[in-house]
Amino acid sequence: MHRPDLEAELERHHRAAFGWALSCCGWDRTQAEDVLQTSYLKVLEGRATFGGRSAFRTWLFGVIRRTALEQSRRRALLRLVPLGTVAGPNEPRAAGHDPVAALEHGETTRQLMAALEFLPGRQREVLHLVFYEDMSISQAAEVLGLGVGTVRTHYERGKRRLRELLGGRGEL
Amino acid sequence: MTQDMNDNDLRDRFRVLQSEVERTAPPYRRPANRPARVRLAPAWLAAAALATLVAGAVWIATRNGTPPPQTLVGLDATWWVTPTDFLLTTPGTDLLRSVPTLGVTEGAADDASQAVNDTAELTERTRS
Numbered sequence: 001m002h003r004p005d006l007e008a009e010l011e012r013h014h015r016a017a018f019g020w021a022l023s024c025c026g027w028d029r030t031q032a033e034d035v036l037q038t039s040y041l042k043v044l045e046g047r048a049t050f051g052g053r054s055a056f057r058t059w060l061f062g063v064i065r066r067t068a069l070e071q072s073r074r075r076a077l078l079r080l081v082p083l084g085t086v087a088g089p090n091e092p093r094a095a096g097h098d099p100v101a102a103l104e105h106g107e108t109t110r111q112l113m114a115a116l117e118f119l120p121g122r123q124r125e126v127l128h129l130v131f132y133e134d135m136s137i138s139q140a141a142e143v144l145g146l147g148v149g150t151v152r153t154h155y156e157r158g159k160r161r162l163r164e165l166l167g168g169r170g171e172l
Numbered sequence: 001m002t003q004d005m006n007d008n009d010l011r012d013r014f015r016v017l018q019s020e021v022e023r024t025a026p027p028y029r030r031p032a033n034r035p036a037r038v039r040l041a042p043a044w045l046a047a048a049a050l051a052t053l054v055a056g057a058v059w060i061a062t063r064n065g066t067p068p069p070q071t072l073v074g075l076d077a078t079w080w081v082t083p084t085d086f087l088l089t090t091p092g093t094d095l096l097r098s099v100p101t102l103g104v105t106e107g108a109a110d111d112a113s114q115a116v117n118d119t120a121e122l123t124e125r126t127r128s
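Residue numbers (this note's numbering), protein chains in the order written: chain A, 1 to 172; chain B, 1 to 128.
It is worth saying that the hints were derived from the structure and are not from the lab.
Capping the alpha-carbon separation at 20 Å, the derived lysine to aspartate or glutamate pairs in EDC-like fashion look like this:
no., chain 1, residue 1, chain 2, residue 2
1, A, K159, B, D12
2, A, K159, B, D7
3, A, K159, B, D9
4, A, K42, A, E11
5, A, K159, A, D134
6, A, K42, A, E7
7, A, K42, A, E9
8, A, K42, A, D5
9, A, K159, A, E117
Being a predicted model, the structure only gives us computed values, none of them experimental.
Next comes chain A alone, as it looks inside the complex (with noise of 0.2 Å):
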């Protein structure tokens, strides 16, 4: 694929990839914004080459994950803080990082991003692959490198523990 064409299936994607990049740096702006120019960067000059063997989209979202994780690492071994509090996309967040005041959103968005917060690093990919950003199980497998069993066990589990949270908690 020529470097024009890149562009354009960037730009296309470019808003969904925002809201995974989001995801994956905790609703981090910042990071996210770092994390999707450096996505595009490696993308664009070869350092992550698309193979056509599943949608560009999946494949995009799997270079950002990845990247999203290196900076996680990196930025942890910079700080040298205690390793515990620097969250990667897989682990809970830091005890005090708040995303859902990092943004603005409404009532609905707020409950339900902190809900999100609580769930396991893997349920909460998975749900927001299938229902942000409309993938099916086996897609979102793909974007996050598992089994399609995996990640079907991930959706379910993390369906039901969403809906404890938002249920049963009521004013989270």
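Following the hints, complete the assembly by docking chain B onto the known chain A.
Frame of chain A, contents of chain B only:
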């Protein structure tokens, strides 16, 4: 919110989140190209490392192959007799130096008598 909330309700909640996020999403902008890094291919790195190793090995081999300068010292210069060397010569030294042979008595008896005579002679000489 009830426990029997179905998937559509969850989907609706995510839709609201999506619309709010996308409303504030930054526009797509072409990422600025970073200056190209000078990157060595792994093959070049391996070749450079190999060349360095070979050069080092050759240098070490060459250095060890050159014989160190030697100083020749004659054996005469190392031969030295202490002034008290005569004290080490004791009576019957010859007996102690020789090894008796089992089963041969003739020569041994003669040697023993000769040694006794020598000792007596030496004692006399000392007295006189």
